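Protein chains in written order, with this note's numbering: chain A, 1 to 116; chain B, 1001 to 1113.
It is possible that some hints are incorrect.
Unchecked claim - If you want the ones that stay clear, here's a sample from chain B, every Cβ over 10 Å from chain A, calculated: (1) S1024; (2) I1060; (3) F1069; (4) S1080.
Unchecked claim - Straight-line Cα separation of at most 20 Å, SDA-like style, residue types lysine to any residue; simulated pairs: (5) A:K49 to B:N1051; (6) B:K1057 to A:L96; (7) B:K1009 to A:V105; (8) B:K1009 to A:P40; (9) B:K1009 to A:Y39; (10) A:K58 to B:G1101; (11) B:K1057 to A:V105; (12) B:K1009 to A:R42; (13) B:K1009 to A:N41; (14) B:K1057 to A:R95; (15) A:K49 to B:G1101; (16) A:K22 to A:K69.
If you're looking for bench data, these hints aren't it; they were derived computationally from the structure.
On a predicted model such as this, the values are computed, not experimentally measured, just so you know.
C-beta atoms are modelled at their ideal positions from N, C-alpha and C, and glycine is treated no differently.
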Amino acid sequence: AQSVAQPEDQVNVAEGNPLTVKCTYSVSGNPYLFWYVQYPNRGLQFLLKYITGDNLVKGSYGFEAEFNKSQTSFHLKKPSALVSDSALYFCAVRRLMNTGFQKLVFGTGTRLLVSP
Amino acid sequence: DSGVTQTPKHLITATGQRVTLRCSPRSGDLSVYWYQQSLDQGLQFLIQYYNGEERAKGNILERFSAQQFPDLHSELNLSSLELGDSALYFCASSVAPENYGYTFGSGTRLTVV
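Work out the full structure: start from the sequences and follow the hints.
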């Protein structure tokens, strides 16, 4: 079944430095991959998605993600981190169900802490 | 404001009780999804509705039930509550099951004491 893994519980980075939040996927066929961000006491917010096309996907707030089929990865990146980027980040994959409908399956989340 | 409204924001109740969580999807969205977020289980898919009909079930306990009404709002009913049911419950909506972007509400924080 389609799934994603986020190997890091927490990522620490200094403001102004580039950041990477890792995600690997396990999918038969073409993966539909997503990144969401959750700020404290808020719901998840959509950042970006990969369905097909360019391997580098640009999203909200200056984030981008690189789809790498050979490494089955979909890492989230940002060239220069801001303190306000500190949040919980979730990778997700579309899973088709036998009803013909789909649902998103989320990873365990990675907490990003950006220090001033 | 994401457009998905969840009420109440906080709920404290005793074990054995029953509660109802409410979700109003974003205008125009026909699909509603319920997720449970807890510290030890992460974000778990519970159930999905599309235009009033149940379309998929995930890790939803038999003590839990949901429905989507003709006006498209949805309710999640949790009964015989246990301490372990304490969690954040999120509702999300999308235009249709084929639309891959979900809009999440701010969640209902349920505390069972």
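Outcome of the hint check:
1. S1024: holds (13 Å)
2. I1060: Given that every Cβ of chain A is farther than 10 Å from that of B:I1060, nearest at about 12 Å, it holds.
3. F1069: holds (19 Å)
4. S1080: Check passes; 26 Å lies beyond 10 Å.
5. A:K49 to B:N1051: This hinted pair is violated, its Cα atoms lying about 25 Å apart.
6. B:K1057 to A:L96: holds (12 Å)
7. B:K1009 to A:V105: The hint is violated at about 24 Å.
8. B:K1009 to A:P40: Judged against 20 Å, a Cα distance of about 14 Å means the pair holds.
9. B:K1009 to A:Y39: holds (16 Å)
10. A:K58 to B:G1101: holds (15 Å)
11. B:K1057 to A:V105: Answer holds: B:K1057 to A:V105 is near 13 Å, not above 20 Å.
12. B:K1009 to A:R42: Given pair B:K1009, A:R42 holds - Cα atoms ~10 Å apart, limit 20 Å.
13. B:K1009 to A:N41: holds (10 Å)
14. B:K1057 to A:R95: holds (13 Å)
15. A:K49 to B:G1101: holds (8 Å)
16. A:K22 to A:K69: holds (14 Å)
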